[in-house]
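Per the UniProt record's numbering, the sequence shown starts with residue 1, numbered consecutively.
No lab work stands behind these hints: they were computed from the structure. Misleading hints may appear alongside valid ones.
Unchecked claim - Below are the DSSO-like pairs computed for lysine-lysine, each with C-alpha atoms no more than 27 angstroms apart in a straight line:
(1) 156 / 88
(2) 117 / 48
(3) 60 / 187
(4) 117 / 60
(5) 48 / 187
(6) 53 / 187
(7) 187 / 88
(8) 187 / 117
(9) 88 / 117
(10) 156 / 53
(11) 156 / 117
(12) 88 / 48
(13) 156 / 187
(14) 60 / 88
(15) 88 / 53
Computed from a predicted model, the values in this text were never measured in an experiment.
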Amino acid sequence: MSRDYRLRNRMDYSKFALLVVLLSYIERCWSASCVVDSFTVKQDFDPKRYSGKWYALQKKDPEGLFLQDNISAEYTIDDDGTMTASSKGRVTLFGFWVVCADMAAQYSVPDPTNPGKMFMNYQGLASYLSSGGDNYWVIDTDYDNYAITYACRTLKEDGSCDDGYALIFSRNPRGLPPAIQRVVRQKQEEICMAGQFEPVLQSGAC
């Protein structure tokens with residue numbers, strides 16, 4: 001075996017080892033950046049400015065039954081400062097029955113120093129709709145145009161999300177201007193959901 005051949009083999013092995021180390025580093029960085037507890041939410045979130053009507057333009061579904069289109073939510077602030085919501089959206093039940101579902105929700109703030117991280121208790125206003133509770137994090141909003149909400153239902157061992165969902169809301173059911181769309185895409189990347197959203201039809205059906 002020639003000296004040049006052995007040298008090339010050592011160089012090839014060194015390149016391969018370097019590639020493995022680099023990929024491992026990238027994987028660790030990706031995993032760290034996708035730890036749910038590291039996600040930032042809207043600083044000094046103001047529920048009064050957030051109140052009013054919002055229309056869903058995009059969504060990333062969780063596992064199981066979820067509203068499919070014509071999703072909207074109206075948020076109100078009660079006399080005691082508690083935020084509540086009534087929401088609508090179409091859902092397909094039993095694989096064939098398409099109905100407009102009405103939901104109600106109440107929101108609590110576990111940590112008053114971080115009001116953008118809320119917990120939502122929701123109820124379907126019909127016997128065939130589910131009830132339960134989820135985190136409700138307002139990742140970002142400008143209050144006048146867009147809002148991005150996020151919930152993770154179950155975590156993986158590394159702290160990243162195993163099953164979660166997110167919604168992109170707009171005050172206008174017809175869409176968002178290009179400048180705001182760029183902000184939304186950036187936030188989708190920050191919560192590790194880039195490319196996972198689908199558009200939400202707003203036809204006025206509900």
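These are the hints, each one checked on the structure:
1. In summary, the hint linking residue 156 to residue 88 is not supported, as the alpha carbons are separated by about 31 angstroms, beyond the 27 angstroms threshold.
2. For the proposed pair residue 117 and residue 48, the alpha carbon gap of about 15 angstroms is at most 27 angstroms, so the pair holds.
3. In summary, the hint linking residue 60 to residue 187 is supported, as the alpha carbons are separated by about 13 angstroms, within the 27 angstroms threshold.
4. About 19 angstroms separates the Cα atoms of residue 117 and residue 60, which keeps this hinted pair within 27 angstroms; it holds.
5. About 23 angstroms separates the Cα atoms of residue 48 and residue 187, which keeps this hinted pair within 27 angstroms; it holds.
6. Between residue 53 and residue 187 the CA atoms are separated by roughly 22 angstroms; this keeps the pair inside 27 angstroms, and the hint holds.
7. Restraint check for residue 187 and residue 88: satisfied, since their Cα atoms lie roughly 25 angstroms apart, inside the 27 angstroms limit.
8. Distance restraint check for residue 187 and residue 117: the Cα-Cα separation of roughly 16 angstroms lies within the 27 angstroms cut-off, and the hinted pair is therefore satisfied.
9. Restraint check for residue 88 and residue 117: the C-alpha separation of about 23 angstroms stays at or below 27 angstroms, so the hint holds.
10. For a cut-off of 27 angstroms, the pair hint linking residue 156 to residue 53 is broken: about 34 angstroms separates their Cα positions.
11. Straight-line distance between C-alpha atoms of residue 156 and residue 117 comes to about 20 angstroms, which keeps the hinted pair within the 27 angstroms bound.
12. Among the hinted pairs, residue 88 with residue 48 is consistent with the structure: their alpha-carbon atoms are about 21 angstroms apart, no more than 27 angstroms.
13. At roughly 21 angstroms between alpha-carbon atoms, residue 156 and residue 187 fall within 27 angstroms of each other, so this suggested pair holds.
14. For the proposed pair residue 60 and residue 88, the alpha carbon gap of about 17 angstroms is at most 27 angstroms, so the pair holds.
15. Only pairs whose Cα atoms come within 27 angstroms are accepted, and residue 88 paired with residue 53 is accepted, the gap being roughly 11 angstroms.
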